[in-house]
Every structure is written in structure tokens, then in C-alpha cells.
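Visitor: We have chain A; now place chain B onto it with these hints.
Protein chains: 2
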Amino acid sequence: MATHTDKRYEEELADLRHRVLEMGGLVERQIADAIRALVTQDVGLADAVVLKDHDVNRLDVEIDELCIRLLALRQPAARDLRFITTALKITTDLERIGDRAASIAERAKELQTEPQLKPYVDIPRMAEIATRMLRESLDAFVRYDADLALAVCHEDDVVDKLNSQIFRELVSFMLEDPAVITRAMRVLFVSKYLERIADHATNISEMVVFMVKGKSIRHVSQLPASV
Amino acid sequence: MATHTDKRYEEELADLRHRVLEMGGLVERQIADAIRALVTQDVGLADAVVLKDHDVNRLDVEIDELCIRLLALRQPAARDLRFITTALKITTDLERIGDRAASIAERAKELQTEPQLKPYVDIPRMAEIATRMLRESLDAFVRYDADLALAVCHEDDVVDKLNSQIFRELVSFMLEDPAVITRAMRVLFVSKYLERIADHATNISEMVVFMVKGKSIRHVSQLPASV
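These protein sequence lines map, in sequence, to chains A and B. Be aware that the first sequence starts at 1, since it is given in my numbering, and climbs by one per residue. Be aware that the second sequence starts at 1, since it is given in my numbering, and climbs by one per residue.
The shape of chain A in the complex, shown without the other chains:
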């Protein structure tokens, strides 16, 4: 009887891991599609990204319900308890990443009527790094890998620097030709959204370090080299 319960419990925990990764995979595709819609000026794809936000939201609710059920019925012990409470918090970040991808798609729709300011190079690069950070933060979560999580936190600097660089470049475009101000602002917002996505991946990673090590690395002036 106990074995039966244990097996069921293990399955539920595996299901939780699986669903968090599924939600991560979904928002990862949302980011990729939103950037592709921007670069190829594909309004249909941009619309699809906005619509798909619904699936992300459904998974958010389902995962929360699964966590609450596990907490109510299984009375999980220390390690599992921290895993489940971290999952509860991570879904919020994943859901917000989905929102930001939808916002990129909205800007892509606005921008498609106008000629490009210049070919998009830094924006897709930023998207690539932010997406990798997201994937690694969730890998770190399901594997209890605090070192990988810490590595993600260190990567956030690269994205912040790219964002500042794009900001300066766009401001110089605006100064040269005020006619491009609105267009440049929209691109600037896309850059900001990507920076926020990287922030969310960093937040997830910080939660993973806390889950594994019981140590908060949030808001420290200097990130540790190892945990």
C-alpha cells in the first residue's frame, strides 16, 4: 500500500517537472516566433504569438493546481517541499515571459508597415542569449543544479550591456533624423522586453540557488563565483 502511494507520488512529482519544462518550451517558442515575426515582418505569425498566450496561461493554472494538490495530499518533506514551492513561484515568471513575447509580437505588428531602420542583428542575438538563459534556468531547476543556475545569473550582464548598446544606437538614430523617433522607440521597447525576459530567467535561477543551497544571492553587490 505504502509502495503504491510512493509510486503515485513519484509520478506526480515527475509530472510536475515535466509540465514546468513544457511551459518553458512553450514560452521559448513564443520568443523565437515573436522575433521571427519582427525580422520577417510576418503579421500572421505575430498574431499567432498573441493568441498562444492562452496556452501559457492554461499551463500556469494547471501547474499551480498540481502544486497545491501535492502540498495538500502528500505532505512532502524538506527537499520536495522546496521543489514544489519553487515551482509555484517559477510559473509566475514563465507566465510573464509569455506576456513579454506577446508584447514583442505587438511591436512587430506595428513595425511591419514601415521600412526597417537597419537590419536586425543585436536584437536576435539578445533573444538567443535570453532564450538560452531561460532553458538553462529550468534545466538547473529540474536537476537541482546550483552551479548552472549561478552561471545563468552571470550571463545577465551580457544582455544588460547589449540593451544599453541598442539604446545608445537608437538614440543616435533619433538625433540624426527625428522622423524615425516612433519607429526607434518601438525597437527600443523590444530590446527592453528581451532584457526583462533575461531578468526573469535570472530570477528563476536565483530561486534555484535558494532551493538547492538555502542561500539568497539576490541583490548582492557582487555575484559569488561559486555557491
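Take the hints with a grain of salt, since some may be wrong.
When chains are identical, the list treats them as one kind, so a pair holds in a single copy or across two.
Okay, derived cross-link-like pairs now, DSS-like style, lysine-lysine, Cα gap no bigger than 25 angstroms in a straight line [to be verified]: (1) K215 - K52; (2) K52 - K109; (3) K89 - K192; (4) K109 - K89; (5) K89 - K215; (6) K192 - K109; (7) K215 - K109.
Simulated from the structure, these hints should not be mistaken for laboratory data. These figures come from a predicted structure and were not determined experimentally.
Guide: Frame of chain A; chain B shown alone:
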């Protein structure tokens, strides 16, 4: 013996409520101080807001630990369980609001070296509404008040409209005089941060509706008039 345990448990739940409100009060003051630093060009106050972010972070960790302890030792039943898991999620939003207040303070520091574009009227008004939304969302949480939470969600529109209005006004300033572009962008970011703060208050309220009614109102195309 059971009575003793029950009393201790009730005290712990009251402590949790108290600390969430304390954290809310702290970030509320952070927003007010950041806006005051902006309007009065007070660099010392802006620095204080950035430093105080540490206290917000400490409370975030403490509340999470309290929630995990309650879940581990008290095996709370349905209503309390949902209250505790919601508290776990709310702290993340409160912590991010603190981050945004610190970002406003950073922009205030950058802006204090330059003359004001125009007197700040809409920004303080936006801050006032966002702060009220935050306070009401937490009141709704501790009182299980789904109606109040829904009212907060409806207010988000007002803040979004103010943000769009500020955006248009600042872009027109930039078009008239490219020399103010950098300054206008900084004010625009402050407006964006306030809009994000109102979003976080809305997120908290959506979680409260879900906690009380077991019904998700996220991402619905039309908010219900009542829940």
C-alpha cells in the same frame, strides 16, 4: 495540547498576514520616496531608496521561509493552504515592485542634473493610482475580498491610458527638440516603471480572485463586472 497548537498556528498565520502587509507598506514608501526624489531633484533621497531595497529583499526571504515552515509543520487545510501558497507568489511581485521603485530612483538621479522638461503632473498622479492599487490588492488578500481585488484589476486601464498619454506627449517633445531626447526617454522609463507597478498590483489581485473564487480571470478579453 491541541488548543495550544491551534493557538500557535493562528499566531503564525497572523504573523504571515502582518509581514505581507509590512512588506507592502515598505514598497509603498519606496515608490512615494522615489517619486519625491524625482520631483524635488533630491539625490540623497534617491540613494536612500536604492539602499532600502535590501530591506524589501530581507522580508521577501523571511516571508518565504515562514510559508515553507507553515506548510511543513502545520499541514494546512484547503483555505489556509491557498492563503499560504498565494503569499508565496505575492512576495515575488512585491519584491519586483521594490526593484521598479529603485529604478525610478536611478532615473531621478540621472535627471537631477538637467532642467525639467515640464512640471511633473501626470507622473505623480500615476504613482498615486498605482500605490492605491497596490494597497488595495494587499487589503483584498488579507481580507479574502474578491470584489475589492476585481476593482483593482479594473483600475489598471486608467494607468495604461495615462502611460500612453505620457508616451505621446514625450514623443512630441522629442520631435520638437531633439536635444531633449535623452531626458524625455528617462521620464518615459519612469512612466513605464509605474505602469509595471500597476501591473504587479493587478497580478496580485488576480491571484486573490483565484484564491477566493478558484477562478482564473487572467488574460480574459473582457474582465467580469463581478466575481
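Visitor: Determine for every hint whether it applies to the structure shown.
Guide: Here is how each hint holds up against the structure:
For the homomeric pair K215 and K52, the shortest alpha-carbon distance between copies (20 angstroms) is at most 25 angstroms, but the shortest distance inside one copy (36 angstroms) is not. Within a single copy, K52 and K109 get their C-alpha atoms as close as 16 angstroms, which meets the 25 angstroms cut-off; across copies the closest is 40 angstroms, which misses it. Taking the shortest alpha-carbon separations for K89 and K192, both the intra-copy value of 23 angstroms and the inter-copy value of 24 angstroms come in at or below 25 angstroms. Neither within a single protomer nor between protomers do K109 and K89 lie at most 25 angstroms apart by alpha-carbon distance, with minima of 31 angstroms and 33 angstroms respectively.
Proximity of K89 to K215 under the C-alpha cut-off of 25 angstroms is found in both arrangements, the shortest distances being 16 angstroms within a copy and 19 angstroms between copies. For a Cα distance limit of 25 angstroms, the shortest separation of K192 from K109 qualifies both inside one copy, at 17 angstroms, and across copies, at 20 angstroms. For a Cα distance limit of 25 angstroms, the shortest separation of K215 from K109 qualifies neither inside one copy, at 43 angstroms, nor across copies, at 32 angstroms.
Hint violations for this structure: numbers 4 and 7, all remaining hints satisfied.
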